[in-house]
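Enquirer: The chain contents come next:
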Amino acid sequence: MAESIGIIVNPIAGMGGRVGLKGTDGDALRLAVERGVAPRSTARAAESLRALCELATADVPFTLYAGRGPLGEDAARDAGIDPVVVDGATRLGGPTTADDTVAVARAMKERGVRLLLFAGGDGTARDVCRAVGEDCLALGIPAGVKIHSAVYASSPKAAGRVAADLLSGRIPRSAEKLAEVMDIDEDAYRSGRLNARLYGYLCVPYERGRVQNLKSGSAASDAASQAEAAQGAAVLVESEPDTLFLVGAGTTTRALLAALGIEGTLLGVDAVQGGTHPQILATDMGEREILTILDGHPTAKIVVTPIGGQGFVFGRGNQQFSPEVIRRVGRENIALLASPAKITALRGAPLLVDTGDESLDAALEGYYRIITGPGRSIVYGVKQG
Amino acid sequence: MKMGKRDFNKKYRNYHQARWDEPIIFELTQPGERGILLPEAEPEVEAAGLPELGAMVRKNAPKLPEMSQMRVLKHYMHLSQENIGADETVDIGQGTCTMKYNPKINDRMAGLPGFADIHPRQSESTVQGALELMYQTEQMLKSISGMDRFCMHPGGGAQAVLTIATVVRDWVDAQGLTDKKDEIITTIFSHPANPACAAVKGFKLITIYPDKNGRPDLEAMKAAVNERTAAVFITNPEDIGIYNSDIKEFTKLVHDAGGLCSYDQANANALLGITRAREADFDLCFFNIHKTFASPHGCGGPGCGVMGVREHLVKYLPAPLVGYDEKKDRYFLDYDSPSKTTRIKDFYGVLPAIVRGYSWMRNLGPDWLREVSRVAVLNNNYVFKKIMAMRGVGAPYAEGEFRMEQVRYSLQKLKEETGIGVAEFINRMFDYGMHLWSSHEPWIVPEPFTVEPTESYSKAELDEYLAVLEKVIDECYKTPDVVRHAPERAAIHHTDHDIQDDLKRAAITWRAYNKKYTGYFEPKA
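If you read the sequences in order, they're chains A and B. My numbering puts the first residue of the first sequence at 110, with every later residue one more than the last. My numbering puts the first residue of the second sequence at 73, with every later residue one more than the last.
Calculated from the structure, these hints are not laboratory results. Given the structure is predicted, the values throughout are model-derived calculations rather than measurements. Incorrect hints may appear among the rest.
Simulated restraints, written as ranges between beta carbons of each label pair [as the list claims (entries may be wrong)]:
1) A:Pro459 x B:Lys82: 47 to 55 Å
2) B:Glu560 x A:Glu163: 14 to 22 Å
3) A:Ala111 x B:Asp574: 25 to 33 Å
4) A:Glu163 x B:Glu160: 32 to 40 Å
5) A:Arg186 x B:Asn285: 44 to 52 Å
6) B:Arg180 x A:Pro459: 55 to 63 Å
7) B:Trp92 x A:Glu163: 31 to 39 Å
8) B:Arg85 x A:Ala367: 52 to 60 Å
When the alpha-carbon atoms are kept at most 25 Å apart in a straight line, the in silico DMTMM-like pairs for lysine to aspartate or glutamate are as follows [stated by the list, open to error]:
9) B:Lys458 x B:Asp535
10) A:Lys410 x A:Glu347
11) B:Lys550 x A:Glu433
12) A:Lys286 x B:Asp574
13) B:Lys588 x B:Glu99
14) A:Lys410 x B:Glu299
15) B:Lys252 x B:Asp353
16) B:Lys543 x B:Glu154
17) A:Lys286 x B:Glu488
18) B:Lys576 x B:Glu560
19) A:Lys492 x B:Asp318
20) B:Lys284 x B:Glu488
21) A:Lys492 x B:Asp283
22) B:Lys284 x A:Glu474
23) B:Lys273 x A:Glu347
24) B:Lys276 x A:Glu441
25) B:Lys294 x A:Glu441
26) A:Lys410 x A:Glu433
27) B:Lys273 x B:Glu299
28) A:Lys410 x B:Asp254
29) B:Lys276 x B:Asp254
30) B:Lys576 x A:Asp331
31) B:Lys485 x A:Glu163
32) B:Lys252 x A:Asp351
33) A:Lys286 x B:Asp568
34) B:Lys131 x B:Glu99
35) B:Lys284 x A:Asp463
We put the beta carbon where it would ideally sit given N, CA and C, even for glycine.
All chains, please: the whole structure from these sequences, using the hints.
Expert: Take a look at the structure:
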């Protein structure tokens, strides 16, 4: 059976940016239209599809599924492709909404697309995540105003290339990883506050995994090096029976909980009592609950992994670690863990903190030992975001 | 492909590699075919049997291929023609490996009966020449590095690092600091053997990343060093070709914390007669005779990693070292060292490689050894300037600065503009008879490749290599499909690398192959 690719376009993504509206949630879209902004996501998606057609080898035919009209079909036709139109919803006409994205994404998952390409921003990624979860390989074409999520290719062209490489087998099926879907509260952002939340994970193709060379052998898979980092942190948790560990969000910290043989949450802060038989005390805690549990535990450590592509340690996706929580626990009791690949991906940029409290951010600056495995660490710098 | 007269105005060759589809040697066996017919044993010998060997006598003959001499010759000739290397091409793309000319005269020296036909268990009195050569080699290495003693046992660079880690381990244990000094610091651009060997010896590892200028981050180093620091294992210049002139600050930090400093000089081609490990306050270092000192690499001959230490660590070196008794004017193998139980490798070292290294150094002398490094650095900066002018290529860190003996480049821009990354790029280089290597893991530099021109190649040869590089870059932009389908003119096309990671399919011995396959790459059901 021929492979298939799905394309979904959020036609209004990116319209707020040009007029300084920071997104198109709520009323902002109406304002953007009033200010005379033309949509650009269809053009970005078409650029991506053109790259896909150019690079896909002729002997690997594929079917392109597209959302109807502005939801993908227009972009496909712009790129000279005749797509199979997928209707997610029965309603036609009128402005498109997040529900359209969700419905079309679900329909494409059901059709078993090899890769779901979606053009938009953080909000679009959230909608796709809501629709397909971790069940379907997906990749974003950057077209939105806000891209805090790590599920986007570096450019529309790059997204097309990855799709072509997948079809031709240049990226093996095993080369995929879970990447963060983040979004910020647009109303808060427009009024100058940045409040980013981690909404979930999408399964994205991992291009680098393929490339290897004989002299150095193959690189460890993302999952394997993440598991190693988790093992390293597990040694710490097991060696301190009197310490309360506040475990932050992320797939690496989830791997830590798995290594400890306990269940917690992927997106929340969980409290774990250390020791050889670690116990989970609370899950998915808010700031208040964390402060309360700290009252009963004089010795506590925060265990976090940098979130997303930009390397935020605090202030993105883990606001539960409020300035007060961090001060109470103390800088010396912050344990960082990450796979070396996550550090390498920073390309020399420092890890970042943005707690909303400048003096705390300044105090958190400096070098930390990031646990990368049992008995292994990287010394790396943290700066104010 | 059109064949015809060579166009001498063209900067690159109309190359095509031989393709013999050569079977594995075991598949060429013909029962009863022989290379040499040995005479029958005399009746008396036959009658006496082999009583002394007892249980060691084979019950079954070894399953070696049965072949005539001529067929053996052709087999290996075919394999050599399907290969690529320093003896046939401009082999400067295998950066970090120092693919210089290995003078053939030195093979003749290594083949002299006094070196080639001796046995490690022979009486010292009968191998004085070989021992003297090893002793003299050590004296030269001491001058080059400033170290006080050398152990020549290791069979390669990684084993030399293992020897260093062993010495550090023994030094820590001897002071009763086993539980107190348990960390070794290394850098991400040092060879991966450094962290690997430290881990093998039970140390915890702390890795330092580069700063913006490509030097190991000194501030991170300050944060990493503490009373638990047993040692730093570091390279300088690192693989990216940038010299860290703050190196003494690194060694001072570690010494102040009571640790040792080890200098990975596997590639010392920029340093001969210019800087020494001693002046940078290192306690240990090693050289690869098969790189800097012009003995061929593992595939062309055995490797040899010679490892040196300062006086206070001599007692931790594996025995035997080669000694000289002035009174008797005799050379001897000194097994009577305090660490005589430490073993890295059998006997005393890889003699053929040591002979080649000795011959090379004696041939050049101190002044020309320095000239080797000067020319290697000059050649590299010539190539650096030319490559940096090419489309789609960059070299991260230390913009505007010269490099030492090699450079790690990046094809990131080319990849963004054409979709072709270094893995595909390399395949096309083979179509012009050239090789290009990427980088050790992890790929800190995106889409990396590493070029090390050494001192051996003429400007014309460097220009030929550059012309090929430029040609392939041009193809990436104009005819990317050609690059994607490459190599077309090499002995082997695309290979399935994933097989290496699949234990069900990987076979590195004939025995394993027979277990897993019925014939030529047909898996067993």
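Enquirer: The structure should be examined with respect to each hint, and the outcome stated for every one.
Expert: Structure-based check of each hint:
Range check, Pro459 (chain A) to Lys82 (chain B): about 49 Å between beta-carbon atoms, so the 47 to 55 Å window is met. At about 21 Å, the beta-carbon gap between Glu560 (chain B) and Glu163 (chain A) stays in the expected band of 14 to 22 Å. Between Ala111 (chain A) and Asp574 (chain B) the C-beta distance comes to about 27 Å, which sits within the given range of 25 to 33 Å. Remark: the range hint 32 to 40 Å for Glu163 (chain A) to Glu160 (chain B) is upheld by a beta-carbon distance near 37 Å.
Restraint check, Arg186 (chain A) to Asn285 (chain B): a C-beta distance of roughly 50 Å satisfies the suggested window 44 to 52 Å. At about 56 Å, the beta-carbon gap between Arg180 (chain B) and Pro459 (chain A) stays in the expected band of 55 to 63 Å. Separated by about 37 Å at the C-beta atoms, Trp92 (chain B) and Glu163 (chain A) satisfy the suggested range of 31 to 39 Å. Between Arg85 (chain B) and Ala367 (chain A) the beta carbons are some 56 Å apart, a value that agrees with the proposed interval 52 to 60 Å.
With a C-alpha separation of about 9 Å, the suggested pair Lys458 (chain B) and Asp535 (chain B) falls inside the 25 Å cut-off, and the hint holds. The straight-line distance between the Cα atoms of Lys410 (chain A) and Glu347 (chain A) is roughly 13 Å, inside the 25 Å bound, and the hint therefore holds. Taking the CA atoms of Lys550 (chain B) and Glu433 (chain A), the gap is near 58 Å; set against the 25 Å cutoff, the hint is violated. Of the pairs offered as hints, the one joining Lys286 (chain A) and Asp574 (chain B) holds, with about 20 Å between alpha carbons and a cut-off of 25 Å not exceeded.
Proposed proximity of Lys588 (chain B) and Glu99 (chain B) is supported: the alpha carbons are some 15 Å apart, at most 25 Å. For the hint linking Lys410 (chain A) to Glu299 (chain B), the alpha-carbon distance of about 23 Å falls within 25 Å, and the restraint holds. Note on Lys252 (chain B) and Asp353 (chain B): the hinted pairing holds, with a Cα-Cα distance of about 23 Å set against a maximum of 25 Å. Our distance criterion of 25 Å between C-alpha atoms is met by Lys543 (chain B) and Glu154 (chain B), whose separation comes to about 23 Å.
For the proposed pair Lys286 (chain A) and Glu488 (chain B), the alpha carbon gap of about 22 Å is at most 25 Å, so the pair holds. Distance check on the hinted pair: Lys576 (chain B) and Glu560 (chain B) sit about 30 Å apart at the alpha-carbon level, beyond 25 Å; violated. For the suggested pair Lys492 (chain A) and Asp318 (chain B), the alpha carbons sit about 24 Å apart, so the restraint of at most 25 Å is met. The straight-line distance between the Cα atoms of Lys284 (chain B) and Glu488 (chain B) is roughly 23 Å, inside the 25 Å bound, and the hint therefore holds.
Using a Cα cut-off of 25 Å, the hinted pair Lys492 (chain A) and Asp283 (chain B) holds, with the two alpha carbons roughly 14 Å apart. For the hint pairing Lys284 (chain B) with Glu474 (chain A), the CA-to-CA distance comes to about 17 Å; that is within 25 Å, so the pair holds. Simply put, Lys273 (chain B) and Glu347 (chain A) have alpha-carbon atoms about 24 Å apart, close enough for the 25 Å limit, and the pair holds. With a C-alpha separation of about 20 Å, the suggested pairing of Lys276 (chain B) with Glu441 (chain A) holds against the 25 Å cut-off.
For the suggested pair Lys294 (chain B) and Glu441 (chain A), the alpha carbons sit about 17 Å apart, so the restraint of at most 25 Å is met. Taken as a hint, the Lys410 (chain A) and Glu433 (chain A) pair is honoured in the structure, with Cα atoms around 14 Å apart against an allowance of 25 Å. Of the pairs offered as hints, the one joining Lys273 (chain B) and Glu299 (chain B) holds, with about 19 Å between alpha carbons and a cut-off of 25 Å not exceeded. Proposed proximity of Lys410 (chain A) and Asp254 (chain B) is supported: the alpha carbons are some 23 Å apart, at most 25 Å.
Proposed proximity of Lys276 (chain B) and Asp254 (chain B) is supported: the alpha carbons are some 6 Å apart, at most 25 Å. At most 25 Å may separate the alpha-carbon atoms for a hinted pair to count; Lys576 (chain B) and Asp331 (chain A) meet this at roughly 22 Å. A threshold of 25 Å between alpha carbons decides the hint, and for Lys485 (chain B) with Glu163 (chain A) the separation of about 19 Å falls inside it, so the pair holds. With a CA separation close to 23 Å, the supplied pair Lys252 (chain B) and Asp351 (chain A) stays within the 25 Å bound.
The straight-line distance between the Cα atoms of Lys286 (chain A) and Asp568 (chain B) is roughly 22 Å, inside the 25 Å bound, and the hint therefore holds. As the CA atoms of Lys131 (chain B) and Glu99 (chain B) are separated by approximately 24 Å, the hinted pair is consistent with the 25 Å bound. The hinted pair formed by Lys284 (chain B) and Asp463 (chain A) meets the criterion: a straight-line CA distance of about 22 Å does not exceed 25 Å.
The structure fails hints 11, 18 (numbered hints given earlier, in ascending order).
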